[in-house]
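Q: If you want the building blocks of each chain, they are given just below.
2 protein chains.
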Amino acid sequence: MFVGVDIGGTKVLAGEVDAHGTVVRTARRDTPGRRVPAALVEAALGEAVREVAGGRRVEAVGLAAAGFVDVSRTRVLFAPHLPWHGEDVVARLTAAWNVPVIMDNDANCTALAETAYGAAREASSTVLVTLGTGIGGAVVLGGELWRGAGGMAGEFGHQQVVPGGLPCPCGRTGCWEQYCSGNALVRHARARLGASAVLNAVTGDDPGALTGAMVTEAASQGDPVALAAFAEVGDWLGVGLANLVAALDPALLVVGGGVSAAGRLLLDPARAALARSLVGAADRVVPSIAPAALGPEAGMIGAAWLARQMVS
Amino acid sequence: MFVGVDIGGTKVLAGEVDAHGTVVRTARRDTPGRRVPAALVEAALGEAVREVAGGRRVEAVGLAAAGFVDVSRTRVLFAPHLPWHGEDVVARLTAAWNVPVIMDNDANCTALAETAYGAAREASSTVLVTLGTGIGGAVVLGGELWRGAGGMAGEFGHQQVVPGGLPCPCGRTGCWEQYCSGNALVRHARARLGASAVLNAVTGDDPGALTGAMVTEAASQGDPVALAAFAEVGDWLGVGLANLVAALDPALLVVGGGVSAAGRLLLDPARAALARSLVGAADRVVPSIAPAALGPEAGMIGAAWLARQMVS
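Keeping their order, the protein sequence lines are chains D and U.
Using my numbering, you'd call the opening residue of the first sequence number 1 and step up by one each time.
Using my numbering, you'd call the opening residue of the second sequence number 1001 and step up by one each time.
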């Protein structure tokens, strides 16, 4: 039995995943947070793994961590929601659990899962983008994940797309994820909230209560403010993907993350912007934009896949 | 004997290159142009190769073409200065010359040369940028050139960096090479020509006569207008490189092309902008920016290296 664990900002999701990528059983815990002892986080992970195992022997555990994982894949250099900061987490958990442990960042694990079992199964090369609060990214070339010289490849969300643009929590301005993410979607819709009876009703006239899920639901009902927000975010998605295709020319683009649940409301404007923005579009194959196939469990599935690869 | 041929916008440069990357002898021809029969261009290439060979047997010929070379490396899909448009040039020249021929685009050949013999010899992964009239680019990962699914990787110059920015001959706006290239350097200096006694003198008060070489020479003499033009182009170089590093996290950045002859006048502002613009700079190794080592013959040297690899 192989277990994948997705360690997200708010929750830990552990699951047994079989050789076909099917999730057999799962367990959840809340993520204890960043300003707690690391032992608390590690205990929560251990509990989730044990609950999934239910007393059976675990062959190996894969971890998908939301943060910068170093090139040796043993350390989290920085994570916004975790207390880890450079220590050898993999060695510590391997010793504590007495089972082989492997780790990578969540976007890389998502890309591995989509490549092994999902939307990128047939693609010789893939650039994956996940749109959640921000942007996650990963690069798979010739079937292999390109992790970067220091393990930091795929940080597409912090490419500057607007000089002197919107401030980003990373400390710079004009980062792509300020224009193309769940946060950007909510910002667009909130700015025109007064024009939407649907959104005013679901938020109780409180702009602060607006969420990405509300915008998605309103857009699926044809609300013009919500549709305009998706058109704007989708356009920025296509522009940013065109920049990545100009550099890497992958066979396929895969878009996942919570915002992608809107499907064509997001991807149609993205496809139009990609075709318009890509250099040499008339003399090349413009790559398809495919929706991710494995949903929010993809990170966990990819982590389990890594664990399986490690011992086989 | 292996021969490399760099087919540029204005001239054809052929050269015998030994196994250490040393150029033994060269021959030049003018590039006949785009609106001429392809046979005229191919005859010029053949003459240059024969002159280099001087009657000796040629083992193989490598071609570095300024244009889109397809993924099979046999066809030029589009080139701004050549009459080729999709035909199998490699098969035709192999038959005409009765010698193995291989081709790639000029930036890829430059990257192969710098990796085999030059600035990137020790690097596990490299992003190369050449600044000439526009921007050329190439990606070398784990010692291998990443050419893209369709052979179009490395078109960094047409990444959009300013929404609704300067028009580009490619038909779009705000492309990186409009802000960071020899053309951009000249445009900056020309806009402030009146403030530079040095540049006024060398141009004879004719702004249209200003060239990148004049700006480089004036900057090396400390002319403030020329220095400001390099500071501006260098800053954009660092910003664009930060975007590439965010995506690919290479071990090394190499900058070549005519504009890079200015050395630190260009690279110092680029290094400052890279450190300022790169996500997570405090928690990662910021890659060095190295000047290309092989100069304007790099494309030819890389083409000869390709020829040597093909038959060995």
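Just so you know, these hints were derived from the structure itself, not from any lab.
Predicted, not measured: the structure shown is a model, and the values here were computed from it.
Where a beta carbon is used, it is the ideal one built from N, C-alpha and C, also for glycine.
Some hints could be false.
Claimed, not checked - One-sided excerpt, in silico: chain U residues whose CB lies under 10 Å from chain D:
1. Gly-1054
2. Val-1058
3. Ala-1095
4. Trp-1097
5. Tyr-1117
6. Leu-1193
7. Ala-1197
8. Ala-1201
9. Gly-1240
10. Asn-1243
11. Ser-1277
12. Val-1285
As the list claims (entries may be wrong) - Now the in silico label distances, taken between C-beta atoms and shown as ranges:
13. U:Leu-1193 x D:Ala-272: 39 to 45 Å
14. D:Arg-121 x U:Gln-1221: 57 to 63 Å
15. D:Arg-264 x U:Glu-1047: 54 to 60 Å
16. U:Ser-1072 x D:Ala-275: 23 to 29 Å
As the list claims (entries may be wrong) - Pulled from the structure, derived: some chain D residues nowhere near chain U, Cβ distances all over 10 Å:
17. Met-1
18. Ala-53
19. Ala-153
20. Phe-156
21. Arg-172
22. Met-214
23. Ala-242
24. Ala-246
25. Asp-249
Q: Please confirm whether Arg-172 of chain D is truly not at the interface, meaning its C-beta sits more than 10 Å away from all C-beta atoms of chain U.
A: Incorrect as stated: the minimum Cβ-Cβ distance to chain U is 7 Å, not above 10 Å.
Q: Does the nearest C-beta of chain D fall within a distance shorter than 10 Å of the C-beta of Tyr-1117 of chain U?
A: violated (21 Å)
Q: Quick check: does the Cβ-Cβ distance between Ser-1072 of chain U and Ala-275 of chain D fall within 23 to 29 Å?
A: For Ser-1072 of chain U and Ala-275 of chain D the Cβ distance comes to about 24 Å; the hint holds.
Q: Confirm or reject: Ala-53 of chain D is not an interface residue toward chain U, with every Cβ-Cβ distance exceeding 10 Å.
A: holds (34 Å)
Q: Over 10 Å to the closest beta carbon of chain U is the bar; see if Asp-249 of chain D clears it.
A: The claim breaks: Asp-249 of chain D does not keep its Cβ more than 10 Å from every Cβ of chain U (closest is about 3 Å).
Q: Mind verifying the non-interface call on Phe-156 of chain D? Its CB should be farther than 10 Å from each CB in chain U.
A: Check fails; 6 Å does not lie beyond 10 Å.
Q: Is the shortest C-beta separation between Val-1058 of chain U and chain D less than 10 Å?
A: Status violated, d = 31 Å.
Q: Return the status of the interface hint for Ala-1197 of chain U: holds when the least beta-carbon distance to chain D is below 10 Å, violated otherwise.
A: violated (31 Å)
Q: Given Leu-1193 of chain U was flagged as interface, is its beta-carbon under 10 Å from a beta-carbon of chain D?
A: violated (25 Å)
Q: Using the nearest Cβ pair, does Val-1285 of chain U come within less than 10 Å of chain D?
A: holds (5 Å)
Q: Holds or violated: the hint that Gly-1240 of chain U contacts chain D, with Cβ atoms closer than 10 Å.
A: For Gly-1240 of chain U, the interface hint holds, since the closest Cβ of chain D sits about 9 Å away, which is under 10 Å.
Q: Against chain U, does Met-214 of chain D keep a CB gap of more than 10 Å to every residue?
A: holds (28 Å)
Comparing the model with each numbered hint stated earlier shows that hints 1, 2, 3, 4, 5, 6, 7, 8, 19, 20, 21, 23, 24 and 25 do not hold.
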